[in-house]
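> Sequence:
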Amino acid sequence: MEIDQALLDSLPLPQRLKLCKQLRHEQVRRYNERQKEEAQRGGVQRKRKENKKGTQVNFHGSARLWDATARFDDREVMKLLQDGFPPNLTNAKGGTLLHQCAQDDNVSVAEVLIARGASVNARDVDLWTPLHIAAACDNPDMVQLLLQSGADAAVLDIDGNFPSDHAPESSEAALMLARHLDRLGIDSNKLKEIRLQAPRRMASDVKELLAQGQGQVGLASNNGVTLLHIASANGYREVVKLLLDSTVDVNAQDSDGWTALHVAAKYCQIKIVGMLLKKKANPHLVNNEDQKPSDIGGTEKIVDMLKKAEQDSGAKMEVEIQNGGEDGDSEITFLRVNSRTMTPRHVPLSKQEELQEGQRRVAKSPAPGQDEDEDEEEDVYENLNLARIQEELIDEKVRLPTVSSTDDLASLPEVTERSILTHLQDRYRGNQIYTYVGDILIALNPFKELPYFTRWVSKQYHKGSDQTPHDQTPLSPHVFAVADKAYKALLRENSSQCCIISGESGAGKTETCKFLIQHLLNVAESDERDLNYKIQQVNPLLESFGNAQTVMNDNSSRFGKFLELKFSYDGIVQGAKITEYLLEKSRVVSQGVKERNFHIFYLMFAGLSPDEYRKYGLESPHRHR
1 MEIDQALLDS LPLPQRLKLC KQLRHEQVRR YNERQKEEAQ RGGVQRKRKE NKKGTQVNFH
61 GSARLWDATA RFDDREVMKL LQDGFPPNLT NAKGGTLLHQ CAQDDNVSVA EVLIARGASV
121 NARDVDLWTP LHIAAACDNP DMVQLLLQSG ADAAVLDIDG NFPSDHAPES SEAALMLARH
181 LDRLGIDSNK LKEIRLQAPR RMASDVKELL AQGQGQVGLA SNNGVTLLHI ASANGYREVV
241 KLLLDSTVDV NAQDSDGWTA LHVAAKYCQI KIVGMLLKKK ANPHLVNNED QKPSDIGGTE
301 KIVDMLKKAE QDSGAKMEVE IQNGGEDGDS EITFLRVNSR TMTPRHVPLS KQEELQEGQR
361 RVAKSPAPGQ DEDEDEEEDV YENLNLARIQ EELIDEKVRL PTVSSTDDLA SLPEVTERSI
421 LTHLQDRYRG NQIYTYVGDI LIALNPFKEL PYFTRWVSKQ YHKGSDQTPH DQTPLSPHVF
481 AVADKAYKAL LRENSSQCCI ISGESGAGKT ETCKFLIQHL LNVAESDERD LNYKIQQVNP
541 LLESFGNAQT VMNDNSSRFG KFLELKFSYD GIVQGAKITE YLLEKSRVVS QGVKERNFHI
601 FYLMFAGLSP DEYRKYGLES PHRHR
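Here the sequence shown stands for residues 1 to 625, numbered as in full-length UniProt numbering.
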């Protein structure tokens, strides 16, 4: 039995698996026939060991049911269900067989399960229904089947998200869910009311407890979780206000050492963070993993707020809360927080990347009638997730540091170590972090955001180098100027250029390299729209495997890096190559005091399930190397 590979690839996944299974059975049958023929001809056979104990391997029906579902074997599933095994089996995470079908886009088995009474609204430990998973994986056939079977499209998961919130924008699953909600008469206002039911219900319960006595609201669960923890995680401002106005301990820690401030920072509740800090929440408290709230902040603004509170501890803290107004939950701004990421199991990683690139190209393509020149210059800065880069749209109101006589220390009448340090210190106080010493650029780490790295600033340094000395406007020292000088020399001399970045740990070498590459990619105008994005996204991968927390720097590079950009003869970037060397391998087995291993181990640790924690005998990360 043979089949053309092209025809096999064109079949839907369930049919393809069934056909492959039939092919495999045919191969096994032929193999057995050949073995019998060899035995009849007197072929050599190994003597089989006698099963003295009479042992037999038998799997429980529930395990066989899970396996049959994973193999798309609807006949085996139907047989096991007829034998009396329940269709609502759950795993350690509370997921049912229908949850697995929703992730695998296994419509045939899902139909069998639903016909046998499987619950379409079953919820796992994260309160995800099969419809949440089908929407997140963009499986429209599963979405349609679940909706036709009575699945609730207006149910919230643990993060307060509806199934439609997980569906990719403009996907078939998203459109299907939107049409279904319209037919039910559920608009955005009704969805908001559903979201507000939980905070209002909790506020009512807290008021009843306060009426019974303030001691009731301070009680904790067996794990040390208090009502303040729960309200802070979910952003229930009215509840938090009620609790803070009572006698609750704002610094109460659960069994993992997390305070309400930890929880609010983790789940991006910036207004709750401000409310807690106003009530003297301690930003220095650490959890069992030696993490302060600022170490786990979900957004950069929250981290900055917490670090400012750490510096201002002991003095009166002035905490600014954006979008001021009443603390009522009716004014709540819903921020998407996902406790987990769901991807289809049957889609390979390469295919996922192709789909993502296609979506980005469609999103960036000009609309009908729109001038393509408007989108000619791609904004790299909006695509990159780079630390300490101002991503806000800043126009020509940005003021660069003024040109001064100390821009080049080589021009000083007396060049000594003392004079250099004095001038660098004076410039640093004025946010002038760049200084020339001849052809060398000294860059000081500002440890804060500066508005000197926007696209407009990059244009000024590129435009300034094209002007004649008579028309040229003098500009202060900048890494963009060094990058532009190297780019112009590349075109003028038609030879490779090299920039060396060196310094102590925490001096900002990695960020300086990123800024330099940004400017080159911005002015080189790559023909491939996503090339800039691809080059810059290599950095997070390298940093995961090569960066670690040290005493001086929470994200210290523990390796050397040689990055090579390849240009065409007309100055268009064609690609990039990164070579790493001198990796600090000893960090894998031993680290210094208050230092950590490479980031990748903690990222992997955070992705483990509770079952895997128990299986591998793991505890918290700080208890392991």
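To be clear, the hints were calculated from the coordinates, so they are not data collected in a lab. None of the values given here were measured: they were computed from a predicted structure. Careful: at least some of the hints might be erroneous.
As the list claims (entries may be wrong) - Derived Cβ-Cβ restraints for the label pairs, each shown as a range:
1. G61 - D304: 49 to 57 Å
2. L541 - T299: 35 to 43 Å
3. K36 - D67: 44 to 52 Å
4. A220 - K459: 50 to 58 Å
5. T473 - H622: 50 to 58 Å
6. E449 - D67: 28 to 36 Å
7. E300 - D9: 42 to 50 Å
Just so you know, even glycine gets a beta-carbon here, dropped at the ideal spot from N, CA and C.
> Determine whether the Cβ-Cβ distance between E300 and D9 falls within the hinted range of 42 to 50 Å.
At 45 Å between Cβs, range holds.
> How does the Cβ-Cβ distance of L541 and T299 compare with 35 to 43 Å: does it lie in that range?
22 Å Cβ-Cβ, so the 35 to 43 Å window is violated.
> Could you check the hint for me, namely that K36 and D67 are 44 to 52 Å apart, CB to CB?
Since K36 and D67 have Cβ atoms about 29 Å apart, the given range 44 to 52 Å is violated.
> For the pair T473 and H622, does the Cβ-Cβ distance stay inside 50 to 58 Å?
holds, 53 Å
> I want to verify a distance hint. Is the separation of the beta carbons of E449 and D67 within 28 to 36 Å?
Because 53 Å falls outside the window, the suggested range is violated.
> For the range 49 to 57 Å, tell me whether the beta carbons of G61 and D304 fit it or not.
holds, 56 Å
> I want to verify a distance hint. Is the separation of the beta carbons of A220 and K459 within 50 to 58 Å?
holds, 56 Å
Of the numbered hints stated above, those contradicted by the structure are hints 2, 3, 6, listed in ascending order.
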